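**Student:** One letter stands for each residue in the lines below.
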Amino acid sequence: MLKTLRKIASVGIVSEPPPHADPLLRIRSALDEKIRSVLGRALCIRHVDAGSCNGCELEIQAITNPLYNLEGLGIRFVASPRHADLLLVTGPVVANMEMALRRVFDATPNPKLVVAIGDCGCTGGIFGESPACPGSVRACLGKVSNVIPVDVAVPGCPPSPVQILAGILTAVSNAGGAASGR
Amino acid sequence: MPANRWWMRAREVAGAPKARGLALSQEEWTQAAQDVAAAGGRLLALWAARDEGEQSSATIYAAYWIEAGLLLTELAIAPQGADARYPGLAALFPSASRMQRAAFDLYGVRATDPDQRPWLRHEPQGYDFLPVLGEGVHEIAVGPVHAGTIEPGHFRFSVVGEKVLRLEERFGYAHKGIEKRFTQVPILQGHRLAARVSGDSAVAFSWAYCQALEGMAGCPLPDRAIWLRALCLELERLANHLGDLGALGNDAGFAFALAQFSRIKEELLREIERAFGQRYLFDAIVPGGTRTDLSEQAAAALTARIASVMGEVKELRAIFDEHSGLRDRFTSAGILSPALATRLGVLGLAARASGQRLDARVDLPCRPYDELPPTKVVRTEGDVAARVAVRFDELAESCRLMRLMLATLPAGAHVTAARMPESGAFGVGFIEGWRGPVFVALEAGPGGSIRRCHPHDPSWQNWPAIEHAILGNIVPDFPLINKSFNLSYSGPDL
Chain L
1215 MLKTLRKIAS VGIVSEPPPH ADPLLRIRSA LDEKIRSVLG RALCIRHVDA
1265 GSCNGCELEI QAITNPLYNL EGLGIRFVAS PRHADLLLVT GPVVANMEMA
1315 LRRVFDATPN PKLVVAIGDC GCTGGIFGES PACPGSVRAC LGKVSNVIPV
1365 DVAVPGCPPS PVQILAGILT AVSNAGGAAS GR
Chain H
151 MPANRWWMRA REVAGAPKAR GLALSQEEWT QAAQDVAAAG GRLLALWAAR
201 DEGEQSSATI YAAYWIEAGL LLTELAIAPQ GADARYPGLA ALFPSASRMQ
251 RAAFDLYGVR ATDPDQRPWL RHEPQGYDFL PVLGEGVHEI AVGPVHAGTI
301 EPGHFRFSVV GEKVLRLEER FGYAHKGIEK RFTQVPILQG HRLAARVSGD
351 SAVAFSWAYC QALEGMAGCP LPDRAIWLRA LCLELERLAN HLGDLGALGN
401 DAGFAFALAQ FSRIKEELLR EIERAFGQRY LFDAIVPGGT RTDLSEQAAA
451 ALTARIASVM GEVKELRAIF DEHSGLRDRF TSAGILSPAL ATRLGVLGLA
501 ARASGQRLDA RVDLPCRPYD ELPPTKVVRT EGDVAARVAV RFDELAESCR
551 LMRLMLATLP AGAHVTAARM PESGAFGVGF IEGWRGPVFV ALEAGPGGSI
601 RRCHPHDPSW QNWPAIEHAI LGNIVPDFPL INKSFNLSYS GPDL
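Residue numbers (this note's numbering), protein chains in the order written: chain L, 1215 to 1396; chain H, 151 to 644.
Bound-form chain L, shown alone (with noise of 0.2 Å):
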């Protein structure tokens, strides 16, 4: 006990300051500025991986790490799509996922906003999206917003932290203005 709470004491505080959100990475405007600014950062979020190589759940982990402290910002990661306003996507978006991912999305209450993650949950990214052809099954349906309506969407194979957070914050905050510090 005392070791540990020697460590705690040692290494201090170490989380850093947040990245200002980016407009540019809003791809759609369905939320009233007014409800953004209720919502404000007090921010549940569900995270769904909707066939991804696991590359950005690597780095949407690493946003919790006491360096990037995504928590000291009043945003958490809930358990069920029930408890939360942003679903967090990764993808592509494969046949086997797309009937879940339209449930977790209907599961969601209203206001709800949804921030597409990394490349492939942009464009489909390496994996692209598999042709139709009759008489074929179709894999891969490619980026997210071909199945739910995205808001934000963030590249980068994976995106870094930073700009996962920074996708994150672009969403809750208000058109153009960025979301105030710690």
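Simulated from the structure, these hints should not be mistaken for lab results.
Quick caveat: nothing in here was measured; it's all calculated off a predicted structure.
Check the hints yourself; a few may be wrong.
Derived lysine-lysine pairs resembling DSSO-like cross-links, with alpha carbons at most 30 Å apart [what the hints assert, rightly or not]: (1) H:633 x L:1221; (2) H:168 x H:526; (3) H:464 x L:1217; (4) H:168 x L:1217.
Pair by pair, the computed Cβ-Cβ distance ranges are [to be verified]: (5) L:1228 x H:597: 48 to 54 Å; (6) L:1215 x H:427: 39 to 45 Å; (7) H:472 x L:1225: 29 to 35 Å; (8) L:1281 x H:427: 15 to 21 Å; (9) H:333 x L:1215: 54 to 60 Å; (10) L:1288 x H:521: 49 to 55 Å; (11) H:567 x L:1215: 54 to 60 Å.
For the chain H half of the interface with chain L, some residues (derived, Cβ under 8 Å), not all of them [what the hints assert, rightly or not]: (12) 271; (13) 299; (14) 302; (15) 306; (16) 327; (17) 350; (18) 409; (19) 413; (20) 416; (21) 432; (22) 457; (23) 461; (24) 465; (25) 467; (26) 638.
We put the CB at the ideal spot given by N, CA and C, even for glycine.
Got chain L; can you put chain H on it based on the hints?
**Tutor:** Structure of chain H alone, referenced to chain L:
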């Protein structure tokens, strides 16, 4: 040793060291599998291929890991209509079952084994889970969307109270059509797709792919490139082990562990980015060598970082060892006995925690591991505590290796011009990633294309082991037990 007669007959295959292959008749296919099983060999991968066209013939492949090396067997299946079946291997190698079902979903070739349920192909009418009947038994369905930030998959628990009577896994939710996608990518670009088969094993898969490709094309690598690749592979191992150790502490209710290990991992990733230009080394390995060189300054910074990681991990390990709450949760949770691990053909880190003395870096070393041999880390308890201990020990061993690699980094070029293999050339790659050995089988098509490529993740073999390790444990221990294996979904979902 009857397995050796197949080895003697087989011809050398390009790429991975000590790889040989041979085409077999249907009787020989079964006999070879029996001989390999009798000699204690492992089924490394089973996959199929079929050329485009309605009545095309198909081929089924099995790769075995035997004492002499990698033995690849192939069986041609004539187009005989929908009833044609090849002899299944599930009775000898239980892990073959899901691979055979996947091969049917992708290429329409059927094995004779009884389980014919679809695996990668999800039918709208659902899936027949094996029901458990009896008083008080109920089912808990989990996934494909999980409560944490992890990949998609489905777990069906049959429980009484909180005790697990049976777990059945249902995967394929991350099936992207990777094998098909490979055929649309130029062969000199395929390493980028290979790196994204399972993102946490990017170096292992892209190296295995390049090993196959360079072997096929006859492209010898400069020493510096070989050393840098191994450095990248050990950095990948280190980063993943750090992440897992933090997550395992957290899953046992010790949030301090997650905070500290995730900080150390983040500092390491930033050091890797300064050295190689990427936090995760998705594009570090390229045909002919590595994408970037390592400056002297970056090498010194990496050496210092590795020493500081090692120092901190030592401190944290002492805290883990003294923490009665962690000991209580880790010890005897999720036991996979050595006998069962052998029977199921488990591979990699999880196998070494259950007494399996298998490490491709030692048993079938490619360069530079023949000159810088790691010490095998083996435990026999097979519980969560053993898988934690193997991670701690392997992490220390990786740090020792990396310091050696950095100290002995050869001068010269980090990359040489990539060569194009001839159409029809075939090669394999075999690299011990952090989770276990990854295997790639690659065949060149005309004009710099890929005719077929099968990337194989060790999670194929290891997922069924979790169905056994969980038995008799309580449902709330599942996240901890599952994390202690930390298997890939995307990798085997292809």
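**Student:** Taking each numbered hint in turn, which are not upheld by the structure, reported in ascending numerical order?
**Tutor:** Violated hints: 4, 7, 15, 22, 23, 25; rest satisfied.
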